[in-house]
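Start from chain A and add chain B according to the hints.
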Amino acid sequence: MTTVYLNGVGIAAPGLCGWDEAREVLRGSTPYNSKNIPEIKSDAIPPRERRRASGTANLAVHVAEQAVQKANVNPADLVTVFASFLGDLQIADRLCTSLTQPGRPVSPFQFHNSVHNAPAAYWSIATKSKKSSTSIACASKTFHAALLDSVSFISVEAQDVLLAVYDIATPDTLANHHTTSKSFGAALVIQQKKTASSLASLNIKYKYQNCEESNGIENSLKALIKANSSAQSLILLSAIAKEKQETIFLNYLPGSSLEIEVNPCL
Amino acid sequence: MEPLILTSLTLTNALGLGIEATWRSLESRKSGLTPCDFEYAEIETYIGRVKCIEESPVVDNLIEFDCRNNRLVQLSLEQDNFIASIEAAKSRYGSNRIGLFLGTSTSGILETELAYINRDPETGSLPANYRYMHTHDNFATTDFTRRYLGLEGPALTISTACSSSAKVFANAYRFIQSGFCDAAVVGGVDSLCLTTLYGFSSMELVSTQPCRPADKDRDGISIGEAGGFVLLEKQQSTTKDHITTFMGYGESCDAYHMGTPHPEGLGMAQAISSALHSAKLEAKDISYVNLHGTATQTNDKAEDFAVSSVLGKNIPASSTKGWTGHTLGSSGITEAIISSICLSKNFIPGSLNTQNPDNSLFCPPVLDNQNQEVNYVISNSFGFGGNNCSLIFGKAS
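Chains A and B are the protein sequences, given in the same order. At position 225 of the first sequence (counting the first as 1) the number is 218 in my numbering, and the numbers step up by one without a gap. Every number in my numbering is 266 more than the matching position in the second sequence, counting from 1.
In isolation and in its complexed conformation, chain B is listed as follows:
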C-alpha cells in the first residue's frame, strides 16, 4: 500500500483520559484493571473501567444519543486536542471530503439491556424513553461521532468483534485510494455491558484475576472499555508534522469455528504475512509485535504459532491487555495507538501480569519494559468467528 500518515491521535481507557495517561501507565507498569463493580454484574472478574463516564452526559444538542458508549465517544474526542486537529482538517479538505470509519462490537446495547430490566411487568413494554436508534443501533456510535465532529464524508460502522477497530484502517485506505474521500478519521469505541460480561462468562473465557497473557496458568480475559480515534492523511497532502506512518495491513478469515481460533493460527499467520507484503517489509524489519494476547489458553497458543511461523522465534512480542483489559471492538484502535507510542518513545512494553511465562510458547514474551530503537511495529487483532487483521506502523519518516 501507499503509506498513510497519522497526524492526530487520542485514546481513553482504564488507564485514564488521553494518550499521556496510557504512556505513563505503560512506563510505570501500572495496570488499569480493577475488581468488577459494574452495576447489575455479579461476576467475579476484573474489568478495565473508564472513570467519570457516569458524570459526563453527552452535549445538550445531541442529548438523544446519551448512553454509556456515546459518552465514551465524547470523553475520548475531547482529549489530546483532537477536535482542534479535525477543525483544521475540515478547513484543509472540506468536511465532506473526510471519511469516518469506526469499529464497535456492542455499541449502546447496555441501554437495551437496562430497558429490558426495567420493562413494564404487566405488558412487557420497554420504557417510553428508550431510544434504540440513537444508542443500541450499530451505526449510532458512528452517527454520534459524525455529528459531534461535523464530518460529512462517507461513513460506516465495522462490527467484526475484536478486529473491528483494526479493520477501520484498511477501510479508510481503500476509500481514500478509491477517491471517495481525501482523509479519514478511524477509531473505535466499546463500553462495558452485561452482554459481554455474561456472554464471555458463559463461554468460560473470563478470568477471576487480572488477565495474564502468555502465562502458563492464564485462564481468560479481563473485559475493558476504551475509545480511540486517529486522523489519517495522505503523506503528500500536508506539511504537518506527523506522528506515525500506517505502512501495511493484512486481513483474513480462519474459516474454522465460531468461538475458537484455528489451533495453529493459520488465518492469523495469513493476516501477518499479508501485512508484511502490503508494507513491502520482511520479518527481520519488525521491531516489535503488539499481540492480540487476550490471555485465553487458545488465543495465545494459536497466535504464538502464527507469530513464530511468520516472524521467527526471536521477535520481541507482548500483549498490553494486562494494562487495558480486552477492549473488544475498540482493542484494534487501542493497540494501534499503543504501537504509535512505542514508535515515538522507542519503547517496548513487557507483558504485564505474566508471572510464570508459558514455556511451551515458541516465542517467549518480552517480560520487562525495554528502551530500544523501534522502527516498525505489527499490531494484531483477531475476532470471533476467525476474523483476523494485522496492521503495520512505522516511525514518522
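Okay, chain A solo, but in the shape it has when bound:
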C-alpha cells in the first residue's frame, strides 16, 4: 500500500469557491452559503477557445488550474485522471437537437467537444502536458474510481497525478431521466512526495466489503452531495480541512469500499 500526498486542491461549486473558502466551510468555521455561485475562469484556455469550449471543459480546467497553483507544480509534470459521471449533457442535448433538424446539422465543434475526454484534451493543449491522460466514468462512483486510478499511477508508474472530478447540471430535456441539479468540480494534485504545499498524506486501501460510510460532513453540504455525486469528494476534503488524523470510509461498487487514512501535514 502506497502513501501518497495531497498537495493541492481546487474546487468550484455553489458556496465553495476555491479551497481557501471551502476549507473554512468544511471545518464549520464559516456558514455554508449555497447562493454564492463561483465564477468559472478557465484562464489556461485561450479566449477564443474558451467561448467554444464546453461547460464541463471550463469547469474542469478552472479547478485543475487552482489545484496546480496551490500545489506549486508544473502541470506538464502530472499524469491526468479526469473523471465525470455524465460528461457534458448540455452538449449532448444540443447535438441531439441538431440531429432532429433537416439535414441533421451537427457542427464540428459540437462533435469534438462532445467526447468524454474533451476537457482533458483542452487541459493538455493549454498546459502542453504530454504525459498520459485518461478520462473515466463510473456513474455515481466516479470519484472513487478516479482515486483508485490515481493511486495506481503513483504506485505502479511512479507518476504524480492531477485528478479532476466534475459534473454540471443536467439540461431540462433530460432532467426527468437523470438529475444532477447543481454543478460541482474538484481537483486534487496527488504526489509521491511531501512538499511545502502538502495538506495531508493518504493511505488508500481497497476493501472487499461494503462499509458504514463516513458521515462527518457538515449537514448543510449533504444536499449538495445529493444534487451532484461528484460532491462525494467532499467527504475526503472535509477530513483534510479539519486537519486531524482520521480514517474515512467510502462505499465503491456493491461489495467493495475504500478506506482512506488521512494524516494532516501541519
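Keep in mind the hints are simulated off the structure, nothing from the lab. Every clue listed holds true.
Derived Cβ-Cβ restraints for the label pairs, each shown as a range:
#, chain 1, residue 1, chain 2, residue 2, range
1, A, Lys235, B, Gly578, 52 to 60 Å
2, A, Asn29, B, Met399, 27 to 35 Å
3, B, Gln502, A, Pro247, 27 to 35 Å
4, B, Ile329, A, Gly21, 43 to 51 Å
5, A, Thr(-5), B, Lys550, 30 to 38 Å
6, B, Glu321, A, Gln94, 27 to 35 Å
7, B, Arg290, A, Glu42, 43 to 51 Å
8, B, Pro301, A, Lys198, 53 to 61 Å
9, B, Asn580, A, Ala189, 50 to 58 Å
10, B, Ile309, A, Asn65, 49 to 57 Å
11, A, Thr90, B, Asp634, 44 to 52 Å
12, B, Ser391, A, Thr188, 50 to 58 Å
Owing to the predicted nature of the structure, the values given are computational and were not obtained by experimental measurement. Each residue gets a CB set at the ideal place from its N, CA and C atoms; glycine is no exception.
Just chain B now, kept in the frame of chain A:
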C-alpha cells in the same frame, strides 16, 4: 512491465461473430464494409455493420439495459466460449477479484438520439420508456457487462475516443499490480449512431468509398461497430494455455489540437517509444505494426512520421480498418485481438483497399498478406484530442 497473459479472447464486428470470422476475412481479404443503410442516416458512406443486432435483444433479467450498444456487448460475450472462461476464472479467483475495464466512446447515445427524434411535438418531453442510465450513460456498457458476467471487482469505463479500448490494457495492469484485483476483463464496445456518422461527416473526415488507408487518394474513414473482450491474468496464476502475452504499453498526449493530430506525430512517437521501453524491447524486435491507420490524410501521415522515426522505414506495417472500418472506442480491442491472431497464425495482413500507395510515406505499407514468423506486434490507437496509446503483444511463451 511484468507481462500479463491473454487467456481468453472474443471479437465481433462487421466480419462476423467470433474471432474465426475475423481470421477468415483477413486471410481471404474480404472486407466487411457495406454502403451505409443505417436508419435515419442519409450519408453517402460505407459502414462496418454487425448483422443480427436488430434480432438480438438483451436477456430478460437485464431488459432495462436493452439498446444497440448493450446488444452488441451480449452478442460479443456469447462467442468463443468466453463466458465459460469467465466462469472458470471466477472459480479460480473469486468474482470480486476480477476487475473490468471497458472502453466506449458513444455508449448507448443512439437511444437518446432516437428519444429526441420521437419527442412530444408540443411539450418536447422525451418518451416515457427512455432510460438514460441504462443506455446512454458512460458506465452503462460496463455496468451491463459486469452484471452479465457476474463480476464484482473494481470496474470503470474509459472514454478517450479512439484510444479507449487500448488504454484498458494499461488500466488493468495498474490495478492488478496495485493489488486491487488479481485478474481483469478488458475490452470495448462501440456501435453505430447518428452522432458519429454526422459528427465525423461535419468534419469532412468520412469517405464516400470504403476507406483506403495509406492510399495516395485516401479521403477519410469508414465508421464501424465492434465488441471485443479479453481475459488478462498474471503468468504465474494459471497453468492454462495462454494465447498471447501483453508485453508493454505507452500512453501520451499530443498537447496540440482538439481535432487533428500533431503533424509530425510527436505524441504518437512518444507512445510507441514508451511501449518499447515498457516491454524491454528494441525496434528490431518488432515483427509488425498494426497501424491506427484511419485513412484520413492527416492521421496516416502523422502516424507514418511516428512509426518510421521510432521503428525505421522497413518495419512491416498496415492498417486493418479496410476490413472492419474504424470502430472508434472499440478499435483498440479490435486491433489488439487482430494482433493476437497475427501472432498465433504467423500472419501479416496486407493493407486492404490500398490501390495507389502513398509514396510520400516513409514507411510503405505491406500490401499483400504475408505468412512469416511474427514474434512481437505493436498496435497503435490514437484518439481525438491527441490521446495516444501503443500496446505490444508477444507470442505465448
